[in-house]
Amino acid sequence: MRTPGEKLLFGLSASLVVFLSLAPFLWFVLTSLKSQGQVTAIPPTLWPEGSLHFYRAAFSQYGLLHFLGNSLVVAGLTTIITVSVAIFAAYALARLRLRWSGAVLGLLLAVGMFPQTSLAGPVWRILQSMGWLNTYQGLVLPYVTLTLPLGVWILTIFFRELPRELEGAALIDGCNRWQVLWRVILPLSAPGVFTASILVFIYAWNEFFFALLIMSERARQTLPVGIALFQGQYTMPWGEIAAASTMATLPLVIMVLLFQRRIVSGLSAGAIKG
Amino acid sequence: MAELRIENLSKSYQGERVLEGVSIQVPHGGFSVILGPSGCGKSTLLRLVAGLDQQDQGAIFIDGREVSALPPKERDVAMVFQSYALYPHMSVAENLAFPLKMRGMAKDSISAKVREAARLLGLEQMLERKPKELSGGQRQRVAIGRALVREPALFLFDEPLSNLDAQLRQGMRVELTRLHERLSATMLYVTHDQVEAMTLATEIMVLAQGKVQQIGAPREIYDQPANLFVAGFVGSPAINLLQGMVRLEAEGPRLHCPQLDANLPLPGKAAPLDGKRLTVGIRPEHLSLGPGPLGGELELIERIGAENILHLRRAQSSLRVRVEADCQAKAGETLTVQTDPAAYLLFDEEGKRIAF
Amino acid sequence: MSGGVRHSAQLKRERLFAWGLLTPCLFFVALFAFYPIAQSMVLSLHRIILSLPQLGDPFVGLANYVRLAQDPEALRALVNTCLFVLVSTILELGLGMVMALVMDQAIKGRSLLRAALLIPWAIPTVVTSQMWRFIMSDNYGLLNLALFGHEVTAYQAWLADPFWSLAAVILADVWKTSSFAALILLAGLQTIPEELYEAARIDGAGSWRRLWHITLPALKPALALALLFRTMDAFRVFDLVFVMTQGGPGNATNVLQFYGYQKMFAEGFMGYGASLAVLVFGLVLAASVLYLALFRRALFREAA
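Residue numbers (the numbering used here), protein chains in the order written: chain A, 1 to 274; chain B, 1 to 356; chain C, 1 to 304.
For the record, the hints were derived by calculation from the structure and aren't laboratory data.
What follows is a list of derived Cβ distance ranges for each label pair:
{"no.": "1", "chain 1": "B", "residue 1": "Gln-170", "chain 2": "A", "residue 2": "Ala-103", "range": "47 to 53 Å"}
{"no.": "2", "chain 1": "A", "residue 1": "Arg-164", "chain 2": "B", "residue 2": "Ala-106", "range": "29 to 35 Å"}
{"no.": "3", "chain 1": "C", "residue 1": "Ser-51", "chain 2": "A", "residue 2": "Arg-164", "range": "56 to 62 Å"}
{"no.": "4", "chain 1": "A", "residue 1": "Trp-100", "chain 2": "B", "residue 2": "Glu-350", "range": "42 to 48 Å"}
Glycine included, every Cβ here is placed at the ideal spot set by N, Cα and C.
Model the full assembly from the supplied sequences, consistent with the hints where possible.
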C-alpha cells in the first residue's frame, strides 16, 4: 500500500506544515515570557526566562483588561443579536416557500463582500448623527450587519438538513407556522446555533477597521485597536505587545481547540453543501 | 369516524402533471389503500388530503365538510409518516401528548389519553425514553400512537411500514388490522407493496401516473383487473402475459403467440375477436405441469419454501408456473404446461380487460 | 371553481410569515449595507473636507474621479492591491492545496493537524500583523536571527525596503490564509469516496493520474468557491498594511482600502475618499461577476 519511503515523506511534510503554521505564533508567545533585557537584546535570544513582567505591564500600564472587557461586550452582544436575527431569516429561507429566497441569499452573500471603505464613511455619519460614536451599540450594529451573511448562510444550510416531515407532523398536530418554528425547529437548532455563534464571535472579536473608526476614544476601544495602536514612550514595547497579543488570542485558541470540528464544518458548509 | 370524499383532484409540480382528475371515496370505518408504483402520485395525494400541500383543482370533503382550503390543523386528520417524524427532543410521552397540548386540552385528560394509547400499543415501558433510544418498530408505534390520541375523523398512513424489516412488517400489518377493527376508524393508507394492500384493505385504489386505474375490493382487483397495468402490478409472482392475434380455426378460436411460439386455444366466447390483437393474462397458479399448449425449457427454479416457481423459457419469452415444493423437475428439462382456460384474463389492444 | 383560487390564501399566509421573519435581517442590511453603499456613491460626487466644515459639501460631479485618475499615489495603491491579490491568492490556494493533500493522507493526529491549521485563521489579523512586524524587525526579529544567526551586521531592515515590505505583507497574509484554504479544500477532499480511488488503483492508475483525474475534478466546486472568497477578501486588505507598514516605505505598500481610509478619515477628505471606496467596490463587483461567469458551472454544479 504505502511504502515506508512515502510514509516518511508524508510524515515530514505534515510535521513541516504544523511547524510552519505554529512557529511564528509560538515565537510571539515565547517573546511575551521573556525579560525586558532579553527582548531588546541584539541578536535576539530564543528561549525566554519565563517572566510574567510583560503581562503585568500590559495590564497595569496599558490597560489590557479594559480592552478585553470592551471586546467581550462587543463580540458577545454581536453574537447574541446576529444569531437571533439569523435564525429567523434562515428558517424563512430554508423552509418556507418563498419565490425570492435564492435572490435574498445571493444578496446577503454580496453584502458579505462589500469593502469596508465603501461602508465606513456613511456608517460613520449615521452613527455620528445619532450620537452613537464611541458607544457599544455604535459598533455592535454595524457588526451585526457584517456577520449576518455568515450566520444566515450557516443556519440556512443547517435548517435544510432537518427532516422535512417534522414540520408536516407539527402542522397536522395543530401548530400554526409560528408554533412550528418555536416548539419544534428552535429546540433542534442548537448545533447550528452553536456553530454560527462561534464563527460570529471570532469575527467580531477580530474585526479592526470599524473598531478603529468608530471607537476613537480609548474608553471603548476593543482589543484589535489597542494592539494595533500600541505605542511605547521611546521604543516599540514588543514585550507588552506580545503579551497583549497572546491574551487577545488565548480565548480564540481555546475555542479552536475545543470546537475545531464544528468550526471546520461550519466554514466548509458553504463550499461543500452550499 | 367520518367519510372521505375526493372530487376531481389535480396537481402539477413545476409543469409536470402529478395527479389527474382523481376521485375516490372512503366510507365510514373503511380501510382504503392507495396502491401504486413509486412516482405514481400517491404520496402527493395523501399530502393534499392532509392539507400539507394545495391542489390545483378539485375538492376534498371530510365528513361532508369541505376542507379544500383549510390548513391541516383544521381538517381533523392525523398522519403517520414513512420516517415516523417523531420530535427528537421530546420523550415518547411528550410526543404522544403534543397534539393534545396544541389543542389546549387539560393536563389530566392529556395524561389519561396518553396512558390509554400507550397501553393499546404496548408503549408503557418507554414513555420516558427519547425516540433515538427506540427501535424502528417501537418508533412506528409511537407515531401511530400520536395519531391515535387525537381520535381524528380520518387516519392517513404514508407507507409507514417501508422502513421496517420483513418480519416486523408482517407483525405490524396484523396490529394495524386489529387496530382498525377495534377503533372502527376511517383509514386512508398509501403503499407500493401489494401484499400490504391485499391484506389490509377493505378497498384498494390502484394509482398509476397520477390517474386512478381501478377501485375495488382486494379480491376484485386480483381476479378482475381492469387493465394490463393492474394485472401486472398486483400478484406475485407476476402474471404471465401472452400477446398475439386471434385466429379462428376449425377447433375454435386460437391465440397465435409468436413470442412464446404457442398456439393457445381460447374459450369459445373469444370467437368474435377473430383477427384482433389480444393479450391473454394467465396467473402462475393457473398453470400446471402436464400435456398442454404451452411449455419451454426450465431455466430457473425459485424455491420459496411452501412451493416452487418454475421459470420456463421458449422463443423470446418465459413463463412462470407455480408448482408444489416436492416437484422433481430439473433445470434444463423441457416441460409442457397445462392451462385452465376459465381463468384466462383477456385484454384488448389498449390494455383494457375484455369482460364477458 | 374550488381549489385553484382559494388555496393561494394558505400560500399567501406562509409567504407573509416568511417575509416577516426576514424583516429584521433585511432591516440591518438595508440600513448598514445598502444605504451606505449608495451613499458612498453620492458622497463621491461631492467635495467634503471634515476639518473645514464651513466650506459646506458642494456637488462637484466627477471631479473626484478625475483627480483619482491623475493621482500617482492612487495608481500605486491600485497596482499594489492588484499585485497583492494576484500573488497572495495564487500562493494561498497553491499552498493550501498541497497542505490539504498532505493532511488528507494523515491517519493519526488529524485533530492536531486541524487545530494547527485553524490557529493562524483564528488569530486576529492585527495580532498577525504585529507578529510578523516583530519577526521582520531589523534588530529583534526572528527572520534575521534565522537567516544570519549572530552576524548582527548582516541584519536587514526588511520593512524599510520597498520590495521586501510588500513581500512581507504578502507573506503574512499567506501564512494566515493558506491554512484556511487548506481546511476548505481538505473538507472537499474528504467528501470524495474512497471507492473511487480504489477502483482507479485496481485499474492501474498511479498517484499522479489519480490526482489529475479524480481529485482535481472533484475539488473544482470547492476550489472555485475558495478562489472567489479569497479574491474578494484580498481586494479588501487593510489590517496588515495599517499595522505592519502604514503604507510605507514611501508608497511601497499602499493599498486601495488603506489609501481610502487615509483620505477619508486621517485627512478628512471624505468626498475623495468615497471615490476611492467606490473604486474598490467596483473592482470587487467586477471580479465577482467575472468569477461567476467563468466558474458558474463549477460553482452551481453542487446545486444540481
